[in-house]
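A.B. asks: Please arrange chain B on chain A, whose structure you already have, making use of the hints.
Protein chains: 2
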Amino acid sequence: MDLPRSLKKLIDSFERLPGIGPKTAQRLTFYLLHVPQSHLDEFAENLEKLKEKTVLCSICFNVAESDPCTVCADRNREKSLVCVVEQPLDVLAIEKTGKYRGVYHVLHGAISPLNNIGPDELYIKDLLKRLNNRTVPIKEIILATNPNMEGEATAMYLVKQIKKKNKKIKITRLGQGLPTGADLEYADEITLSRALEGRKEY
Amino acid sequence: MDLPRSLKKLIDSFERLPGIGPKTAQRLTFYLLHVPQSHLDEFAENLEKLKEKTVLCSICFNVAESDPCTVCADRNREKSLVCVVEQPLDVLAIEKTGKYRGVYHVLHGAISPLNNIGPDELYIKDLLKRLNNRTVPIKEIILATNPNMEGEATAMYLVKQIKKKNKKIKITRLGQGLPTGADLEYADEITLSRALEGRKEY
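Protein sequences, first through last, are from chains A and B.
Numbers in our numbering are just positions in the first sequence, counted from 1, shifted up by 1.
Numbers in our numbering are just positions in the second sequence, counted from 1, shifted up by 1.
Chain A extracted, bound-state conformation:
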């Protein structure tokens, strides 16, 4: 027995998504068979129009509906404080804390020689250009790339490049240590040594 072609095609489409294997793709497709046609049409429309209505902000390169994005256009945001992140989702995560009042710069990735991603594939040049803006001088850059190999390498590279351009800018990195709710017993050595280094006095 062969699966009907329309099912096979949709299974293929789902399988192309990251983290979705053949079994999950089958399960999702068969689930959608029981869903009203209007739901399918809506889903399809949302897919087609995904990119039509989004642009990259020409200042921070975040995904947005308008250019500049709502954050860059917001007068109450501190333009002298720039937080550099790898992905738009990272911006979302930081915004959810409600503790950050500066602006962002989205690199759209991290330096990863194994995956053929060098500095030129990221929006690094555009970040360095922002340093030249004399009307709103940048005082501090927070490097909020991921605390893994690629993210650390990217941060190191950025520190070098930023210092070449402008030695007065304060460059910081997000604090590292134990995540809230964690168990000391199960923490890995690197996290624990970073937590010791970064200990705070009462």
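Read the hints as simulated data drawn from the structure, not as lab findings.
Errors might be hidden in some of the hints.
As the list makes no split between identical chains, a pair holds if one copy fits it or if it spans any two.
[As the list claims (entries may be wrong)] Think about it this way: if two alpha-carbon atoms lie no more than 25 Å apart in a straight line, the pair counts; the simulated SDA-like pairs of lysine to any residue are:
no. : residue 1 : residue 2
1   : K9        : R78
2   : K165      : Y32
3   : K130      : P37
4   : K52       : S39
5   : K10       : D91
6   : K201      : I21
7   : K80       : T181
8   : K24       : D3
C.D. replies: Chain B only, in chain A's frame:
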């Protein structure tokens, strides 16, 4: 910062799928932002046309492109042997073994009072109707519902109903025991007792 509306909508669509939570929905949506528009259009088309080109086979109620389906229409299949399964995916799993030459009957679910699914919500009446077919009398019915609470209850109910209609039909249930590659040490008690009951002589 708010996400662009087109992204939010697609995230919503993904979140409605079973087993996909808000984080996965976000990840998939942002992944699709980097995909060529032609891929998105193809995905959308596959969704829209999913149900247009599929029908339920009027004999076995499997999802198919034609009625009757390729299995029911195949002259080489033994029509006197019927395997009863819960879902179309179960048919696929059995077909992959290459060991089954009979036909199927898809119930589209299992009896589950907690979810308000009684015998009338399933294609059980249609199975009982097939027993009356005098031109191709059924000799054996294999109950291949899932070996869990709902599947077992459905099998029990089917045995009763089939025996009421026709006492001559042989009714069997798929063998239960240890799955290949399993570890005796980690097998649960029920599986292990079923394996003992179903032991085979050399």
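A.B. asks: Now look at each hint and say whether the structure bears it out.
C.D. replies: The hints, checked one at a time:
no.	hint	verdict
1	K9 to R78	between (49 Å within a copy, 24 Å between copies)
2	K165 to Y32	neither (55 Å within a copy, 34 Å between copies)
3	K130 to P37	neither (50 Å within a copy, 28 Å between copies)
4	K52 to S39	both (21 Å within a copy, 11 Å between copies)
5	K10 to D91	between (33 Å within a copy, 19 Å between copies)
6	K201 to I21	neither (42 Å within a copy, 39 Å between copies)
7	K80 to T181	neither (30 Å within a copy, 62 Å between copies)
8	K24 to D3	within (16 Å within a copy, 34 Å between copies)
When held up to the earlier numbered hints, the structure conflicts with 2, 3, 6 and 7 and fits the remainder.
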